[in-house]
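Visitor: First to last, the protein sequences are chains D and Z.
In terms of this note's numbering, the first sequence opens at residue 6 and continues consecutively.
In terms of this note's numbering, the second sequence opens at residue 5 and continues consecutively.
Take these hints with a grain of salt, some might be off.
[As the list claims (entries may be wrong)] Listed next, the in silico DSS-like pairs over lysine-lysine satisfying Cα-Cα at most 27 Å (straight line): (1) D:125 to D:43; (2) D:43 to Z:67; (3) D:12 to D:73; (4) D:43 to D:73; (5) D:12 to D:62; (6) D:62 to D:125; (7) D:125 to Z:67; (8) D:12 to Z:127; (9) Z:67 to D:12; (10) D:12 to D:141; (11) D:43 to D:12; (12) D:61 to D:12; (13) Z:67 to D:136; (14) D:125 to D:61; (15) D:147 to D:67.
[To be verified] Output of the computed footprint for chain Z on chain D, the stretches with three or more beta carbons under 8 Å from beta carbons of chain Z: (16) 65-78; (17) 154-167.
[Claimed, not checked] FRET-style restraints, in silico, Cβ to Cβ: (18) Z:169 to D:22: 51 to 61 Å; (19) D:101 to Z:190: 28 to 38 Å; (20) D:100 to Z:113: 33 to 43 Å; (21) Z:123 to D:32: 53 to 63 Å; (22) D:26 to Z:113: 34 to 44 Å.
Derived by calculation from the structure, the hints in this document are not laboratory data.
All residues carry an ideal CB built from backbone N, CA and C; glycine is no exception.
This is what each chain is made of:
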Amino acid sequence: MQAHPLKQASLVIVLATVFALILAAVQLGLRDRIAQNKQAQTLSQIPLLLPGADLKKTVTLKAALEQKTIAIYQAFDANDRLLGYVVPAQGAGFNDQIELLIAYDPSLQRLRGISVISQKETPGLGDNMTKPAFTKSFAGKKPGQIHAVQPGFAASETEIDALSGATVSSQSVCNIVNRVTQGLRLQGGQP
Amino acid sequence: MQEPTAGERFLNGLLPENPTYRQMLGLCATLAVTNGVKPAFTMACSTGFVLICANAMISLMRKHLQPHLRILIFTLTIATFVTVVDRLLQAFFYPMSQQLGPYVPLIIVNCIIISRCEVCASKQSLPIAIADAVGQTLGFLIGLVSLASLRELLGNGTWCEFEILPQSWPRWRILMLPPGAFITFGLTLGFIEWFVHRKQRA
Numbered sequence: 006m007q008a009h010p011l012k013q014a015s016l017v018i019v020l021a022t023v024f025a026l027i028l029a030a031v032q033l034g035l036r037d038r039i040a041q042n043k044q045a046q047t048l049s050q051i052p053l054l055l056p057g058a059d060l061k062k063t064v065t066l067k068a069a070l071e072q073k074t075i076a077i078y079q080a081f082d083a084n085d086r087l088l089g090y091v092v093p094a095q096g097a098g099f100n101d102q103i104e105l106l107i108a109y110d111p112s113l114q115r116l117r118g119i120s121v122i123s124q125k126e127t128p129g130l131g132d133n134m135t136k137p138a139f140t141k142s143f144a145g146k147k148p149g150q151i152h153a154v155q156p157g158f159a160a161s162e163t164e165i166d167a168l169s170g171a172t173v174s175s176q177s178v179c180n181i182v183n184r185v186t187q188g189l190r191l192q193g194g195q196p
Numbered sequence: 005m006q007e008p009t010a011g012e013r014f015l016n017g018l019l020p021e022n023p024t025y026r027q028m029l030g031l032c033a034t035l036a037v038t039n040g041v042k043p044a045f046t047m048a049c050s051t052g053f054v055l056i057c058a059n060a061m062i063s064l065m066r067k068h069l070q071p072h073l074r075i076l077i078f079t080l081t082i083a084t085f086v087t088v089v090d091r092l093l094q095a096f097f098y099p100m101s102q103q104l105g106p107y108v109p110l111i112i113v114n115c116i117i118i119s120r121c122e123v124c125a126s127k128q129s130l131p132i133a134i135a136d137a138v139g140q141t142l143g144f145l146i147g148l149v150s151l152a153s154l155r156e157l158l159g160n161g162t163w164c165e166f167e168i169l170p171q172s173w174p175r176w177r178i179l180m181l182p183p184g185a186f187i188t189f190g191l192t193l194g195f196i197e198w199f200v201h202r203k204q205r206a
């Protein structure tokens, strides 16, 4: 005769409970460290996006984006001159979530460049978005309306050369930049 | 049939039943992370940690396993330890965990681990299960590091990111790319098969 189902499953139930507790403890113990690592990676990108930026003078500001409060970074050089803002952003790519850092000039009206923090786009095509040829092409563009065009044909300040063979990935990056630019409100009122 | 002893289990894992070259298990991770010695080493150690912990845990519970629920328990145990490893890598080796990306969580479906739980740990005592796991781990380490050494050395002229080959060496970039994984693995496997058969005939 078969034992009662609950009795048969007793080991599974006990194990699941014990493992859940172990995982909760690990998560609680390491959560802050992991968040710190992520932030350190973000900070290390700031001088690359805004050359001359002094990390010690970087100020973390709060900003509102789509009903959420996010941290953005205000970068200064060694002489306290405002160089611009760096805003973390994410959105849907072709395969998976793309995470970016977007660098703006002090007026927030022009881009200084982007940096791709994480992406899982097609190897060999879409994943070229991490290369400087693409990320640097955002410098000087007017965010809000930018879109990807056929490679080699970007002429105006709202056009970006798409990555060859990866139009959707390229447009995804433009969409993230546009969405964040339109939605971002520095707390205190300015855009 | 006599069950193998701890020593036999350990030695079998190294070469006679090497997970990579003889059992050909866990190849997804093998092909994906062997473009450098460092990620290959990290992957082998992470898989080894999960394998040893899971084998030990399953061996301790082997008297209480229900035949029809055993796979569920294996998976539950493995998934827990994989999550622990993933968090530890993110906390202490952040750049490496970014580089390995989805392949750390994918250790859950690495057949080496579940096959050792099924073949050894669910039947034999704790010391034998641990010896078995350590042997298989070292075997997997040998497999991954040998492939990664070939690919990194010939493809990039470096070993563990140290320059080894002179600049005059034409770096075979393809070996660092996904096709290079298949080419290197196929040729290495072919060589080992040839070697083993030749020894058996002699």
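Visitor: Each hint: holds or not?
Guide: For each hint, the structure was consulted:
The hinted pair formed by residue 125 (chain D) and residue 43 (chain D) meets the criterion: a straight-line CA distance of about 17 Å does not exceed 27 Å. For the hint linking residue 43 (chain D) to residue 67 (chain Z), the alpha-carbon distance of about 44 Å lies beyond 27 Å, and the restraint is violated. Between residue 12 (chain D) and residue 73 (chain D) the alpha-carbon distance is near 47 Å, which puts this suggested pair outside the 27 Å criterion. Between residue 43 (chain D) and residue 73 (chain D), the direct Cα distance comes to roughly 19 Å. Compliance with the 27 Å bound is thereby established for this hinted pair.
Between the alpha carbons of residue 12 (chain D) and residue 62 (chain D) the distance comes to roughly 62 Å, so the proposed pair goes past 27 Å and is violated. Straight-line distance between C-alpha atoms of residue 62 (chain D) and residue 125 (chain D) comes to about 33 Å, which puts the hinted pair past the 27 Å bound. Between residue 125 (chain D) and residue 67 (chain Z), the direct Cα distance comes to roughly 44 Å. Violation of the 27 Å bound is thereby established for this hinted pair. Distance hint between residue 12 (chain D) and residue 127 (chain Z) is fulfilled; the C-alpha atoms sit about 22 Å from each other, no more than 27 Å.
At most 27 Å may separate the alpha-carbon atoms for a hinted pair to count; residue 67 (chain Z) and residue 12 (chain D) meet this at roughly 15 Å. The straight-line distance between the Cα atoms of residue 12 (chain D) and residue 141 (chain D) is roughly 62 Å, outside the 27 Å bound, and the hint therefore fails. In summary, the hint linking residue 43 (chain D) to residue 12 (chain D) is not supported, as the alpha carbons are separated by about 45 Å, beyond the 27 Å threshold. Distance hint between residue 61 (chain D) and residue 12 (chain D) is unfulfilled; the C-alpha atoms sit about 60 Å from each other, more than 27 Å.
At roughly 55 Å between alpha-carbon atoms, residue 67 (chain Z) and residue 136 (chain D) are farther apart than 27 Å, so this suggested pair is violated. At most 27 Å may separate the alpha-carbon atoms for a hinted pair to count; residue 125 (chain D) and residue 61 (chain D) exceed this at roughly 32 Å. A C-alpha spacing of about 23 Å is found between residue 147 (chain D) and residue 67 (chain D), which places the hinted pair at or below 27 Å, so the restraint holds. Counting residues of the region 65-78 of chain D whose beta carbon lies closer than 8 Å to any beta carbon of chain Z gives 0, which falls short of the minimum of three for the stated coverage.
Proximity of the region 154-167 of chain D to chain Z, defined as three or more residues with a beta carbon under 8 Å from a beta carbon of that chain, is not established by the 0 residues found. Range check, residue 169 (chain Z) to residue 22 (chain D): about 54 Å between beta-carbon atoms, so the 51 to 61 Å window is met. Residue 101 (chain D) and residue 190 (chain Z) have their C-beta atoms about 30 Å apart, which keeps the hinted 28 to 38 Å range intact. A C-beta distance of roughly 19 Å is found between residue 100 (chain D) and residue 113 (chain Z), which places it outside the suggested range of 33 to 43 Å.
In this structure, residue 123 (chain Z) and residue 32 (chain D) break the distance hint of 53 to 63 Å, their C-beta atoms being roughly 32 Å apart. Distance hint check: the CB atoms of residue 26 (chain D) and residue 113 (chain Z) are about 24 Å apart, inconsistent with the given range 34 to 44 Å.
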